[in-house]
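J.: Residue numbers in the sequence shown follow my numbering, run continuously in steps of one, and reach 354 at the last position.
Where hints are given, some of them may not hold.
To be verified - Taking lysine-lysine pairs in the DSSO-like style, the calculated list, with each CA pair at most 27 Å apart, reads:
#: 1; residue 1: LYS326; residue 2: LYS340
#: 2; residue 1: LYS198; residue 2: LYS293
#: 3; residue 1: LYS293; residue 2: LYS326
#: 4; residue 1: LYS198; residue 2: LYS262
#: 5; residue 1: LYS116; residue 2: LYS135
#: 6; residue 1: LYS198; residue 2: LYS135
What the hints assert, rightly or not - Between beta-carbon pairs, the in silico distance windows are:
#: 7; residue 1: GLY311; residue 2: SER233; range: 15 to 23 Å
#: 8; residue 1: SER233; residue 2: THR111; range: 51 to 59 Å
#: 9; residue 1: TYR149; residue 2: GLY311; range: 17 to 25 Å
#: 10; residue 1: GLN213; residue 2: ASP162; range: 18 to 26 Å
#: 11; residue 1: ASN211; residue 2: GLN253; range: 16 to 24 Å
#: 12; residue 1: LYS182; residue 2: ASP252; range: 33 to 41 Å
#: 13; residue 1: GLN189; residue 2: THR160; range: 18 to 26 Å
#: 14; residue 1: GLN213; residue 2: GLN253; range: 21 to 29 Å
#: 15; residue 1: GLN329; residue 2: GLN213; range: 33 to 41 Å
#: 16; residue 1: MET146; residue 2: ALA222; range: 44 to 52 Å
#: 17; residue 1: ASP352; residue 2: GLN213; range: 49 to 57 Å
#: 18; residue 1: PRO354; residue 2: TYR122; range: 43 to 51 Å
#: 19; residue 1: LEU110; residue 2: LEU150; range: 43 to 51 Å
#: 20; residue 1: ASN211; residue 2: LYS107; range: 43 to 51 Å
Just so you know, the hints here were simulated from the structure itself, not pulled from any lab data. Quick reminder that beta carbons are idealized off the backbone N, C-alpha and C, glycines included.
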Amino acid sequence: TYKEVLTDNDMKDFLNVYASVMNGYYEDVDKKAAIESAINGMMSYLGDKYTTYLDTSDTNNLNDKLAGTYTGIGISIKDDATVAQVFDDSPAEKAGIEINDQIIAINDQDTTKMNSNAISSLIKGSSTSINVKVKRDTETLSFDIIPDQLYIPAISAKTIEANNQKYGYIYISTFSSTLKDQIEKALTKFNDNNIAGLIVDVRGNGGGYLSAATDTASLFLKKNQVIYTLEEKEKKQTFKDETDEHTDYP
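Kindly produce the complete structure, drawing on both the sequences and the hints.
T.: Right, here's the structure in full:
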């Protein structure tokens, strides 16, 4: 509890150091950045790559991604300010933005030294037309683009032909709130193509909502089959498929 934390001797040590730094360090210290650095240090001590701390900006970006929709122009950006992906039928695609374009300015604000989160914030912060300048090879191009409410692809799906048969392939990049709907649409197309088998690829998946993973698994598993177990310090729970639908593809 909060009261217990205040009387914890180890916490008193931390607060004493914090007070000394804030009051005595010879330069100004960003309090928020210092606290976030301390939190990240505590997470690092655990030695568990799946236990991390997200600051406000990272949390907002993750929530936007997992919501399945967002306001933007339809691109994903690498930390070197280059375009990693252009979503189909997006404002960016229609305007002519291409993969590997380097974003050098948003509304005349230099972005060459910004990370992907900072550039995304500039784009999301505008509800009207924005000007995007990019460098493509040796050429500088300028695009006026109006951000829109967009559907974030959580999968990529295609039909593969091999040995005179058709096979379905689905890559799941994230477990967003719209994942089940996207999978259902892909399965409908596969049914129409009379596929002989199905590959579900989750390599490099960034994770997401457990509920989305559960709902998606229920599309494939038979009723009462185990989807996952959850083990806590004092108990262990088993969660099974409760739906009648399932998929018979090998």
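J.: Does each hint fit the structure? Answer for all of them.
T.: Do the hints match the structure? See the list:
Between LYS326 and LYS340 the CA atoms are separated by roughly 22 Å; this keeps the pair inside 27 Å, and the hint holds. Straight-line distance between C-alpha atoms of LYS198 and LYS293 comes to about 26 Å, which keeps the hinted pair within the 27 Å bound. In summary, the hint linking LYS293 to LYS326 is supported, as the alpha carbons are separated by about 21 Å, within the 27 Å threshold. For the proposed pair LYS198 and LYS262, the alpha carbon gap of about 23 Å is at most 27 Å, so the pair holds.
Between LYS116 and LYS135 the CA atoms are separated by roughly 18 Å; this keeps the pair inside 27 Å, and the hint holds. Between LYS198 and LYS135 the CA atoms are separated by roughly 44 Å; this puts the pair beyond 27 Å, and the hint is violated. Taking the beta carbon of each, GLY311 and SER233 are about 35 Å apart, not inside 15 to 23 Å as hinted. Range check, SER233 to THR111: about 56 Å between beta-carbon atoms, so the 51 to 59 Å window is met.
Under the hint 17 to 25 Å, the C-beta atoms of TYR149 and GLY311, about 22 Å apart, fit the expected range. At roughly 22 Å, the beta-carbon separation of GLN213 and ASP162 lies within the given 18 to 26 Å, and the hint holds. Between ASN211 and GLN253 the beta carbon distance is about 20 Å. The supplied range of 16 to 24 Å therefore holds. As the Cβ distance of LYS182 to ASP252 is approximately 22 Å, the hint placing it in 33 to 41 Å is violated.
Judged by the Cβ atoms, the range 18 to 26 Å given for GLN189 and THR160 holds: they are separated by roughly 25 Å. For GLN213 and GLN253, the Cβ-Cβ distance of about 24 Å falls inside the hinted range of 21 to 29 Å, so the restraint holds. About 53 Å separates the C-beta atoms of GLN329 and GLN213, a value inconsistent with the hinted range of 33 to 41 Å. The beta-carbon spacing between MET146 and ALA222, approximately 26 Å, falls outside the hinted interval of 44 to 52 Å.
Checked against the hint of 49 to 57 Å, the pair ASP352 and GLN213 passes, with Cβ atoms roughly 54 Å apart. A hinted range of 43 to 51 Å for the beta carbons of PRO354 and TYR122 is inconsistent with their spacing of about 59 Å. Take LEU110 and LEU150: their Cβ atoms lie about 23 Å apart, and the range 43 to 51 Å is violated. Judged by the Cβ atoms, the range 43 to 51 Å given for ASN211 and LYS107 holds: they are separated by roughly 49 Å.
Violated hints for the displayed structure, listed by number in ascending order: 6, 7, 12, 15, 16, 18, 19.
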